[in-house]
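Asks: Quick note: the sequence shown uses my numbering, first residue 1, plus one each step.
Think of the hints as simulated: they come from the structure by calculation, not from any bench.
Don't be surprised by glycine CBs; every beta carbon is placed ideally from N, CA and C.
You may find that some hints are simply not true.
Claimed, not checked - The list that follows gives simulated cross-link-like pairs (lysine-lysine, PhoX-like), each with its CA atoms no further than 25 Å apart:
#1 Lys134 <-> Lys31
#2 Lys134 <-> Lys5
#3 Lys97 <-> Lys140
#4 Lys31 <-> Lys97
#5 Lys5 <-> Lys31
Unchecked claim - Ranges of calculated distance between the beta carbons of each label pair, as one might list FRET restraints:
#6 Ile135 <-> Gly59: 13 to 21 Å
#7 Asn83 <-> Ser63: 13 to 21 Å
#8 Arg80 <-> Leu8: 38 to 46 Å
#9 Arg22 <-> Asn83: 32 to 40 Å
#10 Asp70 <-> Thr46: 18 to 26 Å
#11 Arg125 <-> Ala84: 40 to 48 Å
#12 Glu114 <-> Ser44: 27 to 35 Å
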Amino acid sequence: MQRTKVPLAFLLAQVGAHAAMRFGERLSHLKLTPPDAGILQMLSATGGLSQQELSARLGIHPSRVVAILDTLEEQRLVERRPNADDRRQYALHLTEKGQGRLSEIGRIAREHKESLCAALTPAEREQLGELLQKIATDQKLTPGVHPGYRRMKPGTREAKSLSQL
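Between the sequences and the hints, there should be enough to build the whole structure, so can you do that?
Replies: Shown next as structure tokens:
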């Protein structure tokens, strides 16, 4: 039986959507979403950002960031501290609990990668990573920022459906 050749763009979209859905499922027991995890990761790498700086780095409207930060603050994973340079702004920092949760997310992400790439050899994984990075660079995607942030409904942690874009 001959297989029909599936277009590459479709395969990229199919695997990407599957990977995002499965990662969300893996995070759900932590009461976190992939955007939550991304913000925790960014704050860990760049602690002290203002909400405005964070929204600019993510490329989304500040009201979208506020909804996520409110939830992360309620869970005591993130705290807003007065900015020493500008008292009108707050600097965002991970709490000790947030650092611990980020470690759990890292473990989940490693398990997720292993599950997704189980059919590939180490050399194939390396090659796939290089090729995907080349595409991401060519498409001018912001490194480390999921394009799904731009699909989030203003003031919520929910994504718009593609038909709403």
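Asks: Indicate, hint by hint, whether the structure satisfies it.
Replies: Do the hints match the structure? See the list:
1. Lys134 <-> Lys31: violated, 33 Å
2. Lys134 <-> Lys5: Measuring from Cα to Cα gives roughly 23 Å; hence the hint holds.
3. Lys97 <-> Lys140: Since the Cα atoms of Lys97 and Lys140 sit roughly 34 Å apart, the hinted pair is violated (cutoff 25 Å).
4. Lys31 <-> Lys97: Given that 25 Å is the threshold and the Cα spacing comes to 14 Å, the pair holds.
5. Lys5 <-> Lys31: violated, 39 Å
6. Ile135 <-> Gly59: 13 to 21 Å: holds, 18 Å
7. Asn83 <-> Ser63: 13 to 21 Å: holds, 20 Å
8. Arg80 <-> Leu8: 38 to 46 Å: holds, 44 Å
9. Arg22 <-> Asn83: 32 to 40 Å: holds, 38 Å
10. Asp70 <-> Thr46: 18 to 26 Å: holds, 20 Å
11. Arg125 <-> Ala84: 40 to 48 Å: holds, 44 Å
12. Glu114 <-> Ser44: 27 to 35 Å: Distance hint for Glu114, Ser44 is violated at roughly 22 Å.
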